[in-house]
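Following the hints, position chains Z, B, D, C and F against chain E.
Protein chains: 6
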Amino acid sequence: MQKGIIHFGVGDSMDTYMYIKSSTKAVASNGKPFLTLILSDKTGEIEAKLWDVSEDDERNFSGEKTVKVLGDVQNFRGRSQLKIRNIRLTTEQDGVTPADLIQTAPLSQDEMMGKITQYIFEMKNPNIQRITRHLLKKYQSDFLTFPAATKNHHEFYSGLAYHVVSMLDLAKGITALYPTLDKDLLYAGIILHDLGKVKELSGPVSTVYTTEGNLLGHITIMVNEIGKAADELNIHTEEIMILQHLVLSHHGKAEWGSAKPPLVREAEVLHYIDNLDAKINMMNRALEKAKPGEFTEKVFALENRSFYKPTFSE
Amino acid sequence: MQKGIIHFGVGDSMDTYMYIKSSTKAVASNGKPFLTLILSDKTGEIEAKLWDVSEDDERNFSGEKTVKVLGDVQNFRGRSQLKIRNIRLTTEQDGVTPADLIQTAPLSQDEMMGKITQYIFEMKNPNIQRITRHLLKKYQSDFLTFPAATKNHHEFYSGLAYHVVSMLDLAKGITALYPTLDKDLLYAGIILHDLGKVKELSGPVSTVYTTEGNLLGHITIMVNEIGKAADELNIHTEEIMILQHLVLSHHGKAEWGSAKPPLVREAEVLHYIDNLDAKINMMNRALEKAKPGEFTEKVFALENRSFYKPTFSE
Amino acid sequence: MQKGIIHFGVGDSMDTYMYIKSSTKAVASNGKPFLTLILSDKTGEIEAKLWDVSEDDERNFSGEKTVKVLGDVQNFRGRSQLKIRNIRLTTEQDGVTPADLIQTAPLSQDEMMGKITQYIFEMKNPNIQRITRHLLKKYQSDFLTFPAATKNHHEFYSGLAYHVVSMLDLAKGITALYPTLDKDLLYAGIILHDLGKVKELSGPVSTVYTTEGNLLGHITIMVNEIGKAADELNIHTEEIMILQHLVLSHHGKAEWGSAKPPLVREAEVLHYIDNLDAKINMMNRALEKAKPGEFTEKVFALENRSFYKPTFSE
Amino acid sequence: MQKGIIHFGVGDSMDTYMYIKSSTKAVASNGKPFLTLILSDKTGEIEAKLWDVSEDDERNFSGEKTVKVLGDVQNFRGRSQLKIRNIRLTTEQDGVTPADLIQTAPLSQDEMMGKITQYIFEMKNPNIQRITRHLLKKYQSDFLTFPAATKNHHEFYSGLAYHVVSMLDLAKGITALYPTLDKDLLYAGIILHDLGKVKELSGPVSTVYTTEGNLLGHITIMVNEIGKAADELNIHTEEIMILQHLVLSHHGKAEWGSAKPPLVREAEVLHYIDNLDAKINMMNRALEKAKPGEFTEKVFALENRSFYKPTFSE
Amino acid sequence: MQKGIIHFGVGDSMDTYMYIKSSTKAVASNGKPFLTLILSDKTGEIEAKLWDVSEDDERNFSGEKTVKVLGDVQNFRGRSQLKIRNIRLTTEQDGVTPADLIQTAPLSQDEMMGKITQYIFEMKNPNIQRITRHLLKKYQSDFLTFPAATKNHHEFYSGLAYHVVSMLDLAKGITALYPTLDKDLLYAGIILHDLGKVKELSGPVSTVYTTEGNLLGHITIMVNEIGKAADELNIHTEEIMILQHLVLSHHGKAEWGSAKPPLVREAEVLHYIDNLDAKINMMNRALEKAKPGEFTEKVFALENRSFYKPTFSE
Amino acid sequence: MQKGIIHFGVGDSMDTYMYIKSSTKAVASNGKPFLTLILSDKTGEIEAKLWDVSEDDERNFSGEKTVKVLGDVQNFRGRSQLKIRNIRLTTEQDGVTPADLIQTAPLSQDEMMGKITQYIFEMKNPNIQRITRHLLKKYQSDFLTFPAATKNHHEFYSGLAYHVVSMLDLAKGITALYPTLDKDLLYAGIILHDLGKVKELSGPVSTVYTTEGNLLGHITIMVNEIGKAADELNIHTEEIMILQHLVLSHHGKAEWGSAKPPLVREAEVLHYIDNLDAKINMMNRALEKAKPGEFTEKVFALENRSFYKPTFSE
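Chains as they are written, first to last, in full-length UniProt numbering: chain E, 1 to 314; chain Z, 1 to 314; chain B, 1 to 314; chain D, 1 to 314; chain C, 1 to 314; chain F, 1 to 314.
Only chain E is shown next, with the shape it has when bound in the complex (with noise of 0.2 Å):
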């Protein structure tokens, strides 16, 4: 099996299977055109730039390719990028498919949906269980395979499931030290908190903002789908203006796009479990590129934060 993309340092030559996650032409300042290339593997990703490009090229390279790349790993402004001296598309000879390239989450589609079915099994309340499992089956082949984001984290196949799963099961060890936290509201909440993304992004792969998502948002379209489920449901008790209110504030302030903020325990502990994991994934995922006793890359969304690696982790 060929060497990972997230294997590569500065100063290395690459000679790799790559699929194209985007492609995006722009005008050099010699006034040629190249194409901005975001390469990928399963472990990871890298941006790269292919210079005076034909218009063949153009169509070639476009998105959603996969292409065996020659390369050398260069330092831009503080990040890596490739260099490609050669690149190709695959053909049938090469025998790789896309599925042997993209970034997909580490359990099955299979696994995660078994883990989310067990928690809703074992929900007490019956509005909020029906209401949730109504809900996720209705969208349940786009959730499993959405990313939960265009970048930033969890910016995988099946990113989105794998989020959820992560809280879940983070939110079953919180419950158990703090017993007073309502399991069913928080197990809903978490499940259906980032639901309205099989609406607001464009797809699993290639992922954009639908012009829906630009002007409503998933934290909208969820609570319109909540009520709607209630009505189809004929449940008319309060657990469907709770868990609309959990969606609805688990951004946790009205400047990050939550018109109200967290007013019920358990939609203050979803906000705090949904930034915890995307924290941890972030933090975890600069850190694997970078040595002991290095800085990693700045994490945009960690306040532009570079991180250190203690020269005594293992």
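Honestly, the hints are just simulated from the structure, not real lab data. Take these hints with a grain of salt, some might be off.
Since the list gives no way to pick one copy over another, a pair counts as held whenever it fits inside one copy or between any two copies.
To be verified - Here are the computed lysine-lysine pairs in the DSSO-like style, where the Cα-Cα straight-line distance is at most 27 Å: (1) K309 with K253; (2) K183 with K298; (3) K172 with K289; (4) K172 with K309; (5) K65 with K199; (6) K172 with K115; (7) K253 with K199; (8) K279 with K172; (9) K83 with K289; (10) K199 with K298; (11) K228 with K199; (12) K289 with K32; (13) K172 with K291; (14) K279 with K253; (15) K253 with K291; (16) K228 with K309; (17) K151 with K228.
Chains Z, B, D, C and F alone, transformed into the frame defined by chain E:
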């Protein structure tokens, strides 16, 4: 007819019929209970303190009662306050009803409904027209009696409808000057933008926030309602999403409660018209009480400013 | 007549007469000098790069020249940019003058002056009327040709006067709806509020800030001018101070350059009308270039938002 | 056993033993002196006013006394307040000691010390282990009795140790889910992060800030102590600096008192665990006093929010 | 000579001549009127409450009167407050005049005028010198008696001139160390920067804001005055604009009232000297009242900080 | 002697000895490597780009080398940049050493040490004197050679000591004017406030942050050092804590890195003197390069302002 509250100043004595908008019990620093009453008539309202109250007083002078009050207007930290010398409930002999004393919009419900109906009638886009008509009809009776807020601006009987009518008239003038604006969209946005207040607030008088109002807010409530109305009318075109966006963004910024800022031209204009009408309304009421050459009381919702009334004002 | 700049999109070729609004020399990353040109005609403007320029090029293609340009419109970081294939100065044979290409207000100077004169004529307060007439007369010729700004909004020939005329028309509609507003004061405030720009800015085209503009700013300049005008006309009544306050406060907040916030009702309304006209102007221009179903380019002065043009727009 | 303070609501009468946590003399608006007492028992605390006090009263009812109080619970600006009808010092006959009334952690000092000792025992990094053990031993007796703060959260006898134990348990669960985290570092950071409070605060009860607490603060105090401990133990490896960084950064941001933000993964997680435990603690205590369907009192340290207790809460 | 106010602490009794700086009537929570008096002598001032006042009391103890007061100093929310036992107007027999009691600058008007005249005399730039001399002469008598503010710092008789003299002395020392600074400009800026306060404020005692002060502010007023002075002296060189800029920018930032930040070196230094003198002045007065080892009262204008007086202070 | 860098302007050619302060490799948009060099001599520094570098170039023109450079000064985004035509390492024949080119303080190390020794000698408080002498002696050699920062102000050889000497001279003048200030404390605070930079920064030239500098910062480092010094000298009086507070608070605000704001008078004055010296230093250097009637380059650390040099400046 009796002289209105607004015409009494510090040093004046009042002997007047008034309506108790709210009554709050508290304990004075000498340990004795007292009531803080908000007393109103059609021209305005004044705070009053009733000291050393008995249990009978508490019962009698709770909210939403009509009373005859004798007292003196005093200055308390820069605001007028009535020191009550005598207060009694009115009887049939007084010939006074709440309707004689409650502050209401300067237009009748019929006049306002007539104007709004005409604006809807002029719409050319059938989807926008049907949604607007459907939702207005659904909540029409509350819409015509509710205030637009619990304080700050248009916080009187029918204040919500009156605010909407003023905004529609403003919009008519503005769309005449900037003909690229989509009239239908702007009118519909104005009619719907605050309609969620019929669920956010408790009622036309002694108005407080409902639990749903606290946890979801009138914006989220109305965005949901538009979605449900679209299902009921079987309209699934882009107009729905755009109307939801207008309601969602009408507070202008995330930190003011709009998860998305205005991203459609008419949404930005709606936000402006809403602010302009509210601000002129607040300034007018503050200036009514000031004489030329004086500053008004501080207006909390206008960044706590005091406004100056020029000596050459009429 | 030739097709205007605004009607060309990415991918189009242009072969067009244009006016060089500005020309800036810089050094490319290959070490060679190049020019960044802002090219305009009556419909709009476009940035262009001229690579590897000779000393002759620098001389020829400096600002305020009329040129014939052949090139291709490309996308550069989300904005249109012209890649020049050929550029030459126009000669008499071309029959093109700067006046044919410079963007100007849609009304003639006479029309605008006629409208403003009428607004001043309608004033009933003689002090306000005399001050306004005196200052307008003093700076009339510059007022009628200057732009309202160097960028963002009304940044074209006669843009300052056109902005004032639009605001006066808006004010007329608003004062009709809110009759307590002092028309004379509001009209005078509108006419004077930006008049200091004739000293803050360098001239009607290729406009930059003067030293006085940088160190004092148009607000301070105009407040001083009102004081001097009052001395010259021997008017020493409160109207002077109030007009100075309207000018001083028209940016609304200290952090936006108004040392005092609006503390007179008409000052607050002036601030609102100023903003509303500027914003609609900016949105209209951005939306003109977008097709239904698309987002506009980002508009820097509107918090960098992109606006959506609904599919049902005409 | 007597009914605890937490179980009394507005309108109830109390006839109860309580402990005076603090007593402040002031002058009422009628010119007479009065005392503001904070009265507590194991279940909570309540503010009380004692009007028109004599010099004897002042002496008797100063802080840290045990008293028998008869009074009525009233509402004062949205908070409960006790109106005292009768108060007297306890005598031997009452058979009540401060220990019966002072609020303490739900675990005994031995239990807490046992748990912490076990966490230290599990550490594999000898440098981290020795530093932690050394400092804990140095301040052990104060650590086990001090509160974690003067107000807001864990402000009771042994609150500091209890907060640390809760955080360690949380950390155990989280490190199980995210195995790349360095357990030793995180545990040590938790044990040391607030240990400087034994010098910042004055003692286990009637706690106020010391001068050193005001001028240096517990973070700076503890960072210094780690440096000195390293000298005494002759450890000069990177672990020292990293532990100092964890303590230094645990408030998360400069404006919250951490001169450096967390730049080591475990520092970020420590900051999160600290917040999460404090917040759940504060919400739990506020919600204990509210009934289902009600909002709690405003919680100052949680951005002054009121939390809603759903009607379906047990 | 009597012991000054500043030397009395909580618990002391006073039997002293004082000057009533201001007197405000309000209503106590028992419904009875009382007066809040600010009483002063040369050493400082103290707030006092006079309860249950008659109409005679109101008349007698309004502002700007000389009184003999017997009372006790008490603590009210961390500040000293005098509880009046007896108060009477002084008569001729007392042999006390306001001049004996009003706090004034430590230098006489002649001494201050002498120093400032010397600084002007040393100027080498004739334009700067003439403008400064002209404006100082125009407002000299008010300049020598007005306070520098209504509260916070230098809020005493002749405080404005004294603040200017202190700043000039500071400037002399600083220009000696940094010889590139333009002395003339800096001295002139210091003399003129706050001179507009003679129109912003109402007078030397019981000082409040004038309408012009509220609507324009001392900065705008003085910038205008410099412009008019230039016209009168027929000076039309750059010095005028630079002096206007120094005055305009001396608050340092837009949000502190300077529409332009300092953009000339001497403007930045002026801003610094202004702040430094004001801050030392405020700290000195707060520390005078504290004993070694204590914290001062909170100083509102210094971000509400309390300052510590070290035990080793003399 | 050769003409210094500061005397070259845009359009000039340079043929000069220079010192490479730093050298950074990057990849141009045409895919070829280039170096960004910071070249300096005693008068200043200039950025230069070396295009299409070979591996030899990279080795030769890395940091801390002496070179002979031929090139042209060009304008790059408002800043001067040198376009290199020829560059070579110096040889013995050139007779140039780094000491001839490195920018240093205008005073010699001996002069500076002499002045500081005198200030310490004048101290009357033996505890303050001993601590200051001890710490200065401990780090004396680095203190005399390190810069005060990596950029912005005093970023040259011996800049740290020079900044301290300037501040001491300023303090001497200020304490003469405000005699209540504690000279000993202020002088000691000035000498110690930035001494931690000898551990925060890597060395006297090509200065970068150390890991300890990044994770703890010079403030925390120095506060620790004072604590350790006190132990070594066996001084346990309040002076230690106050000196630690002066160092801790000298950035003035939490968001600028001081966990505690100045709470001692001399701490506030220290913060002011630090700022004033740094700001005058930065303005002087920017203005040196500008001609009368021009604005300087933007100064990043002064809120990105450009300063104006009046036409009447000498």
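If you check each hint against the structure, which ones fail?
17
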